[in-house]
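Once you have looked at the hints, place chain U on chain B.
Going line by line, the protein sequences match chains B and U. 20 is the number of the first residue of the first sequence in our numbering; add one for each residue after it. 10 is the number of the first residue of the second sequence in our numbering; add one for each residue after it.
Calculated directly from the structure, the hints in this document are not laboratory data. Among the hints, a few may not be true.
[What the hints assert, rightly or not] Simulated pairs of lysine to any residue, SDA-like, Cα-Cα distance not exceeding 25 Å:
no., chain 1, residue 1, chain 2, residue 2
1, U, K45, U, V280
2, U, K45, B, L187
3, B, K57, U, T69
4, U, K298, U, Q124
5, B, K57, B, D191
6, B, K194, U, V66
7, U, K45, B, P179
8, B, K194, B, F62
9, U, K45, B, E180
Note that the structure is predicted; figures quoted are calculated from it, not measured.
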Amino acid sequence: MKKTPDTNTTLENAGLSPEDQLLFSNARPRAYEPYPIKAIEDFANWARANSLWILAFGTGCCSIELRPLMTARFDASRFGVAGRPTPRQSSVFIIGGYVSVKTLKRIVRSYEQMQGPKFIIALGSCPANGGMYFDSYNTINQFDLYLPVDLYVTGCMPRPEALLGAILELQDDIKAGKCDGANRYVEHFDEYKANQKKVIKDWNMPDYNW
Amino acid sequence: MIAEWFGRIGNFSLTLLIVAVYGLLVGAFIERTIAKVQGRIGIPYRQPFINILKTFVKRTAVMHGIMFYLGPVFRLAGGIGTLAFIPVIYGSETFGNFSFAGDLFLVIYFMFFGQLGMALGAGESGHPYSAIGIARGLSQMTAYEVPFALAIISIVIQYDTLSITEIVAAQQGGWQNWTLFTNWVATLAAMLAFLGMTGYSPFDIFLAPQEIPIGPPTEFHSAYLSFLQTNRALFGATKLVLFMNLFFGGATGWVELMIKTLAIYMVAIVVGVAFPRFRVDQSIRFFFKIPTLVGIFSIIYVQMMFTS
Chain B
20 MKKTPDTNTT LENAGLSPED QLLFSNARPR AYEPYPIKAI EDFANWARAN SLWILAFGTG
80 CCSIELRPLM TARFDASRFG VAGRPTPRQS SVFIIGGYVS VKTLKRIVRS YEQMQGPKFI
140 IALGSCPANG GMYFDSYNTI NQFDLYLPVD LYVTGCMPRP EALLGAILEL QDDIKAGKCD
200 GANRYVEHFD EYKANQKKVI KDWNMPDYNW
Chain U
10 MIAEWFGRIG NFSLTLLIVA VYGLLVGAFI ERTIAKVQGR IGIPYRQPFI NILKTFVKRT
70 AVMHGIMFYL GPVFRLAGGI GTLAFIPVIY GSETFGNFSF AGDLFLVIYF MFFGQLGMAL
130 GAGESGHPYS AIGIARGLSQ MTAYEVPFAL AIISIVIQYD TLSITEIVAA QQGGWQNWTL
190 FTNWVATLAA MLAFLGMTGY SPFDIFLAPQ EIPIGPPTEF HSAYLSFLQT NRALFGATKL
250 VLFMNLFFGG ATGWVELMIK TLAIYMVAIV VGVAFPRFRV DQSIRFFFKI PTLVGIFSII
310 YVQMMFTS
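Next up, chain B with everything else stripped away, as it sits in the complex (with noise of 0.2 Å):
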């Protein structure tokens, strides 16, 4: 697998102290390239399509639909799909319904320490356009300014099926190969972290939380 040259090789991380910067790393994260061969690809795509583990990570009320989709009535098992509680071993971020500025930054951290490729659902009305948020003073209108969204599923709140819909779906974008956030996110690494520092105002976490 290739890897893309560093443009700029260093971050600033000027939200840290002197000492703590020491204790970070100051990488640049870099955009991967797929197999050179492309039915290696395509079946390393079946196969991440095949095994999406979703990162137990409810970020507003939309999350209570993720428990009927592991449970009897919708099983999405069956799919390839569990939860796993640590974001290294996640491959799909479901952001359940709003996003007020708090839980953003918490969601930056966990997004970051996810490895490639990674993939974001977004549920709920309030990720797209702010839903019936859309005039507070600490929810965030659209989410895909701050991190690369592959799917939207709307509603509000939207039904398991929907959501089971939106799973399947984004199965089919994987293995087309149409899914690529994790490299929109690099390639647009300074205006995604100019947006991010814009709303997030104690910044006090590395610019990539490796």
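What follows is chain U alone, placed relative to chain B:
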């Protein structure tokens, strides 16, 4: 000489492949069974294979240091090493592995080895939950090793040998010769230790998915995790084969092996779905009470019954 060794290594590779695939399939079978009990359909049989493949083809990985890298390698080496010295099929030249006169000692050592390697690796990841998981896992391991070791000593006295092959040979000729029936006390102590070894409820505090995100492997991801997943299946199946050899008369064919190992595994599953989780101090106290007493009694029992 060299050709013979290559032959044995080839045979062992075949055994390794079969046991690993069998371990993964058993894992899927158990998952599906639990799902059926809960009214779900459950994962497809191919799911464990896809999971390993997916973690292996992840595009990125973060390294925390040399020991972090070596942890999963040691873990897998522990699993392979354990299997290497256990005769899988009794009387089979191909699946006899590297069984020799003192293999029982080496096998017990290898079972420790992987866990210690994993502890060092997970410790270097620096994640507090890994450290908590390891502290709990190692204390629990220390506790269940006591009844297990006592049971092993008991059957070593009984059969007067340290060779697994000879222990299996002594149990041939009908079910009444199995250690389960000739020395049921040692079997009981070992099966109680087995519950702790498999890491199902009530002894799953060191993994504790809801409170300390899956414990020691919290930080392991990508290819590191695929090593751990492979080892989990391989080591699980290996432990089943070891217990089958020591207490349930071994196996003379693959079908017999599969029936017996599945039955042994079901003990842990049935206990697991029926009981809630122990705290680590409770599980240590449990192992130091009844199973240890049963283990001590097994040695007294074997002295009374088998030595004159």
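Comparing the hints with the structure gives:
Using a Cα cut-off of 25 Å, the hinted pair K45 of chain U and V280 of chain U holds, with the two alpha carbons roughly 17 Å apart. As the CA atoms of K45 of chain U and L187 of chain B are separated by approximately 23 Å, the hinted pair is consistent with the 25 Å bound. Distance check on the hinted pair: K57 of chain B and T69 of chain U sit about 19 Å apart at the alpha-carbon level, within 25 Å; holds. For the suggested pair K298 of chain U and Q124 of chain U, the alpha carbons sit about 24 Å apart, so the restraint of at most 25 Å is met.
For the proposed pair K57 of chain B and D191 of chain B, the alpha carbon gap of about 17 Å is at most 25 Å, so the pair holds. Taken as a hint, the K194 of chain B and V66 of chain U pair is honoured in the structure, with Cα atoms around 14 Å apart against an allowance of 25 Å. Distance restraint check for K45 of chain U and P179 of chain B: the Cα-Cα separation of roughly 21 Å lies within the 25 Å cut-off, and the hinted pair is therefore satisfied. In summary, the hint linking K194 of chain B to F62 of chain B is supported, as the alpha carbons are separated by about 8 Å, within the 25 Å threshold.
Distance restraint check for K45 of chain U and E180 of chain B: the Cα-Cα separation of roughly 21 Å lies within the 25 Å cut-off, and the hinted pair is therefore satisfied.
Consistency with the previously given hints is maintained throughout, with no hint failing.
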